[in-house]
Amino acid sequence: MANRSSKLGRLYIIIVFLLLYIPIVYLILYSFSKGTTMTNFNGFTLTHYGELFADKRMLAIFLDTILIALLSSTFSTIIGTMGALAVNNTKRRHQRETLLSLNNILLVSPDVIIGASFLIFFTALKVPLGFWSVLLSHIAFEIPIVLLMVLPRLDEMSPSLINAANDLGATTGQTLSRIVLPVIQPGIIAGFFMAITYSLDDFAVTFFVTGNGFSTLSVEIYSRARQGISLEINALAGIMFIFSLILVVVYYFIENHNASKLKKQDKLEVTGK
Amino acid sequence: MRRSFKTMFYTPYMLWLVLFVISPVALIVYYSFFNIHHQFTFSNYQEFFSSGTYLTMTANSVLYAFLITLFSILISYPMALVISKLKHRDLWILLVILPTWINLLLKAYAFIGLLSHDGLVNNIFQFFGLPVQHMLFTDASFILVAAYIQIPFMILPIYNSMTDISESYIKASRDLGATNWQTLTKIIIPLTMPGIKSGIQIVFIPSLSLFMLSRLIGGNKVITLGTAVEEHFLTTMNWGMGSTIGVVLIISMVIVMLLTTTKRNRRRS
Amino acid sequence: MKKFAMVFIAILAICAGLAYGSNQLTKSTGDSGNKVLNLYNWGDYIDPNLLTKFQKETGYHVNVDTFDSNEAMYTKVQQGGTNYDLTVPSDYMVQKMKADHLLVPLDKSKLTGLNNYGASFMNKSFDPGNKYSIPYFWGTLGIIYNDQDVKTGSLEHWNQLWSKKYRNDIMLIDSARDIMGFSLISMGHSVNTTNSREMIAAKDKLNRLSPNVKAVVADEIKMYMAEGEAPVAVDWSGEATEMMSQNAHLHYVVPTEGSNMWFDNLVIPKTAKHYKAIYAFLNFMSKPENAAQNARYIGYSTPNTAAFKLLPKKVREDKQFYPPQKVIDKLQVYRNLSAQKVQQYNDLYLEFKMNK
Chain A
1 MANRSSKLGR
11 LYIIIVFLLL
21 YIPIVYLILY
31 SFSKGTTMTN
41 FNGFTLTHYG
51 ELFADKRMLA
61 IFLDTILIAL
71 LSSTFSTIIG
81 TMGALAVNNT
91 KRRHQRETLL
101 SLNNILLVSP
111 DVIIGASFLI
121 FFTALKVPLG
131 FWSVLLSHIA
141 FEIPIVLLMV
151 LPRLDEMSPS
161 LINAANDLGA
171 TTGQTLSRIV
181 LPVIQPGIIA
191 GFFMAITYSL
201 DDFAVTFFVT
211 GNGFSTLSVE
221 IYSRARQGIS
231 LEINALAGIM
241 FIFSLILVVV
251 YYFIENHNAS
261 KLKKQDKLEV
271 TGK
Chain B
1 MRRSFKTMFY
11 TPYMLWLVLF
21 VISPVALIVY
31 YSFFNIHHQF
41 TFSNYQEFFS
51 SGTYLTMTAN
61 SVLYAFLITL
71 FSILISYPMA
81 LVISKLKHRD
91 LWILLVILPT
101 WINLLLKAYA
111 FIGLLSHDGL
121 VNNIFQFFGL
131 PVQHMLFTDA
141 SFILVAAYIQ
151 IPFMILPIYN
161 SMTDISESYI
171 KASRDLGATN
181 WQTLTKIIIP
191 LTMPGIKSGI
201 QIVFIPSLSL
211 FMLSRLIGGN
221 KVITLGTAVE
231 EHFLTTMNWG
241 MGSTIGVVLI
251 ISMVIVMLLT
261 TTKRNRRRS
Chain C
1 MKKFAMVFIA
11 ILAICAGLAY
21 GSNQLTKSTG
31 DSGNKVLNLY
41 NWGDYIDPNL
51 LTKFQKETGY
61 HVNVDTFDSN
71 EAMYTKVQQG
81 GTNYDLTVPS
91 DYMVQKMKAD
101 HLLVPLDKSK
111 LTGLNNYGAS
121 FMNKSFDPGN
131 KYSIPYFWGT
141 LGIIYNDQDV
151 KTGSLEHWNQ
161 LWSKKYRNDI
171 MLIDSARDIM
181 GFSLISMGHS
191 VNTTNSREMI
201 AAKDKLNRLS
211 PNVKAVVADE
221 IKMYMAEGEA
231 PVAVDWSGEA
241 TEMMSQNAHL
251 HYVVPTEGSN
261 MWFDNLVIPK
271 TAKHYKAIYA
281 FLNFMSKPEN
291 AAQNARYIGY
301 STPNTAAFKL
311 LPKKVREDKQ
321 FYPPQKVIDK
331 LQVYRNLSAQ
341 KVQQYNDLYL
351 EFKMNK
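These protein sequence lines map, in sequence, to chains A, B and C.
So the first sequence is residues 1 to 273, counted in the UniProt record's numbering.
So the second sequence is residues 1 to 269, counted in the UniProt record's numbering.
So the third sequence is residues 1 to 356, counted in the UniProt record's numbering.
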């Protein structure tokens with residue numbers, strides 16, 4: 001019985017994964033097409049990759065995009081996690097709900113509205129438009145998603161754990177690093193990855209707050225749509241995708257390897273003490 | 001000592017709330033009271049709630065967002081459940097997120113290629129002797145593609161709450177003679193409710209204001225509030241009316257929040 | 001905690017590497033010192049080789065930022081915080097920017113080669129006497145059809161779109177003025193009418209077109225038409241060149257009863273700083289050989305008649321994109337209307353889109 005259901009389950013996730021990856025395989029496939037668009041496949045070529053590597057402007061934009069994604073998601077993860085702790089700590093129900101509603105506003109407002117109001121905000125404060133304004137905005141709109149990823153883990157955490165630690169004389173810092181963080185770690189990682197997603201995908205907000213020569217991939221792609229998006233972009237997306245795929249797999253196995261090592265060490269320490 | 005640590009700790013988040021949430025919202029509310037001639041007025045709200053166009057649009061948006069969310073849950077829940085039981089489950093979940101790193105516009109173009117009249121899907125249909133289908137610009141394709149985009153955002157919070165469930169609960173329920181189905185409905189689903197709720201919040205509300213996909217895949221046969229906001233901000237430059245719709249969206253978000261948060265059992269007190 | 005700190009440091013290190021890399025790349029594409037020109041343009045709307053050539057000739061490095069709609073560009077220029085020297089708005093937007101004091105008038109004494117431009121492309125209603133703008137590319141609104149489904153030469157008038165033959169066959173470009181515009185023209189009205197009765201009549205006529213409309217889409221219309229998803233579309237000539245280069249069965253017609261004529265124009269926004277570079281660039285782009293090279297790269301119609309003469313014969317004789325003078329005479333340019341009228345056009349258009 002259990003065996004059959006797990007087989008069914010496996011079949012199910014294989015199908016869903018196929019569906020998730022088909023469009024991506026499709027657009028990577030076309031990066032090798034001799035044509036100029038994603039309509040008919042005209043035989044194999046590597047010219048789009050050649051164009052891409054000759055296009056220094058595009059490569060610089062690509063690096064900037066990743067830079068913004070990594071930096072903004074790191075900071076938004078830190079601030080968002082702090083926020084989750086704050087929300088979790090509120091004593092009164094309506095206070096918590098107010099905080100959560102405020103938190104979610106940026107998730108629900110259409111991008112154009114956020115972008116336009118950030119633009120007004122930055123120009124009013126005389127923040128020059130460019131790298132810093134984009135970074136700040138990305139951090140800003142990623143924080144709510146991080147919080148939403150971390151909060152359920154905190155809520156699930158049994159308060160008795162913290163009480164016990166406090167009773168045993170642990171300082172707030174110790175409780176946090178030894179007890180709370182390990183429990184909410186999966187939430188933090190999920191939040192971080194979601195933040196990267198939001199950063200890479202955003203067009204409207206970035207468009208409004210950028211300037212002075214700074215651009216991201218999304219802005220470039222959308223503004224090329226009028227002329228037809230060239231397959232050079234497909235090539236770039238393909239490289240980026242394969243690269244992150246490798247990175248994720250490698251990261252996972254290193255992480256796994258270390259974790260099993262650490263566990264052994266922990267055991268030794270415990271017995272040693 | 002402990003208090004000052006706490007305040008220091010919460011400052012960045014609170015600062016963010018004030019600078020990037022409260023002040024933009026104040027700005028949006030402020031703008032929503034101005035018409036195209038920069039005069040103070042309530043007419044935007046009046047127009048929104050009295051015009052058939054906007055009310056139909058709102059109804060459309062709610063209906064489609066509901067369907068998109070429903071489909072996302074139906075596909076994501078079993079997915080999260082199966083993945084949470086796999087050996088390398090963290091790796092699999094990362095692989096669910098990865099497709100979201102590819103630009104939405106590129107994926108939409110890929111879908112156009114896949115679903116079009118001479119596209120891959122129709123080629124497969126023909127191979128099996130099925131007639132060619134007109135799939136683009138239908139409600140079904142719009143909802144499916146939107147659900148495709150949203151699925152990772154739904155799987156993640158649900159998975160996140162599933163990894164929390166201690167094996168012992170499930171064992172206990174089995175030992176007590178519960179069937180798989182009973183274990184699922186009586187133990188697993190209730191325990192993953194917080195995850196499902198986060199998922200709904202992340203998926204439902206942004207789906208209210210989709211505009212890219214409703215145009216690209218839906219061919220503007222479906223007009224949502226997002227289309228109107230886009231138009232007011234970028235075409236007619238009537239920021240007042242656009243902001244009014246923004247305010248309505250924020251209020252509906254608060255309502256959804258109140259509906260999806262049930263009383264937490266306050267174990268602490 | 002230690003692990004988090006390690007990950008944090010690792011990410012910062014990677015970021016430092018990325019920042020260094022992008023910095024090097026930007027540097028290698030040219031100096032970002034004083035000799036620059038900041039061009040705010042549509043994406044991929046200038047031949048990159050021309051930018052290198054310009055730098056070689058004059059020493060000015062061109063930084064390009066991109067936008068995807070006139071209105072979005074307007075918002076950015078209006079809010080300030082940027083330092084764009086040149087931008088490329090369409091006709092009605094030139095008029096709007098001018099009215100809102102966002103443009104700097106051209107100093108004609110510094111311009112050479114203005115007489116390269118054809119008389120039918122200068123002195124248009126959106127900028128009389130070309131005080132603020134120089135035309136960059138121009139085009140028309142027209143009908144594109146696929147000769148596999150529509151007999152070649154059988155579709156030449158706006159009114160034919162309403163024929164029952166084309167049930168669920170037509171794709172429209174998502175643009176209020178253009179769609180309302182062809183409906184107005186088909187009834188013999190001006191595309192710039194502010195008469196509410198005419199506008200409402202145009203919308204009612206569009207409502208009757210609804211059964212024939214397959215979809216209302218934007219830039220992606222190129223891909224749809226190239227894929228053969230629909231036999232007929234209403235779109236701009238610029239987009240039409242793109243799709244026709246991908247699908248040989250497509251044809252473009254400008255209905256003889258008239259249509260819209262659009263212009264993209266080079267203008268100096270109020271944020272401009274590098275005036276020497278600006279005039280060097282404007283004069284560079286007016287040179288016939290450069291304008292011709294750009295027209296070959298972009299594929300749009302050039303208003304530079306001297307450059308037109310340098311284009312290959314096949315292009316020059318293409319009536320679809322360089323229509324004869326008697327058709328050009330019937331084309332109308334959009335004028336910027338009052339905010340209220342723009343709103344009315346869009347509201348009526350929205351009602352048409354929601355009409356099923």
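Since the hints were made in silico from the structure, they are not lab data.
It is possible that some hints are incorrect.
Stated by the list, open to error - Incomplete in silico selection of chain A near chain C, CB under 10 Å:
| no. | residue |
| --- | --- |
| 1 | LEU63 |
| 2 | ASP64 |
| 3 | LEU70 |
| 4 | THR123 |
| 5 | VAL183 |
| 6 | PRO186 |
| 7 | ALA204 |
| 8 | VAL209 |
| 9 | ILE221 |
| 10 | ILE229 |
| 11 | ILE239 |
| 12 | MET240 |
| 13 | ILE242 |
| 14 | SER244 |
We put the CB at the ideal spot given by N, CA and C, even for glycine.
Per the CB criterion, is A/SER244 less than 10 Å away from chain C?
13 Å, violated
Go through the hint on A/ILE239 and say holds or violated, using the shortest Cβ distance to chain C against 10 Å.
Violated, because the Cβ-Cβ distance from A/ILE239 to chain C comes to roughly 15 Å (cut-off 10 Å).
When the nearest CB of chain C is found for A/THR123, is that gap smaller than 10 Å?
5 Å, holds
Is the interface hint for A/MET240 satisfied, with its Cβ closer than 10 Å to some Cβ of chain C?
13 Å, violated
Grab the minimum C-beta distance from A/ILE221 to chain C and call the hint holds if it beats 10 Å, violated otherwise.
8 Å, holds
Identify whether the interface hint at A/ILE242 stands, where standing means a beta carbon of chain C within less than 10 Å of its own.
18 Å, violated
Measuring from the C-beta of A/VAL183 to each C-beta in chain C, is the shortest one below 10 Å?
Not OK, violated: A/VAL183 not within 10 Å of chain C, min 13 Å.
Would the stated hint for A/ASP64 survive a check requiring a Cβ distance to chain C of less than 10 Å?
5 Å, holds
A/ILE229 as an interface hint toward chain C, with CB separation required under 10 Å
9 Å, holds
Interface hint for A/LEU70, Cβ within 10 Å of any Cβ on chain C:
A/LEU70 check passes; min Cβ-Cβ to chain C is 5 Å, inside 10 Å.
Restraint satisfaction for A/VAL209 [CB to CB of chain C, less than 10 Å]
9 Å, holds
Using Cβ atoms only, decide whether A/ALA204 comes closer than 10 Å to chain C, and label the hint accordingly.
9 Å, holds
When the structure is compared with the earlier hints, violations turn up for hints 5, 6, 11, 12, 13 and 14 and for no others.
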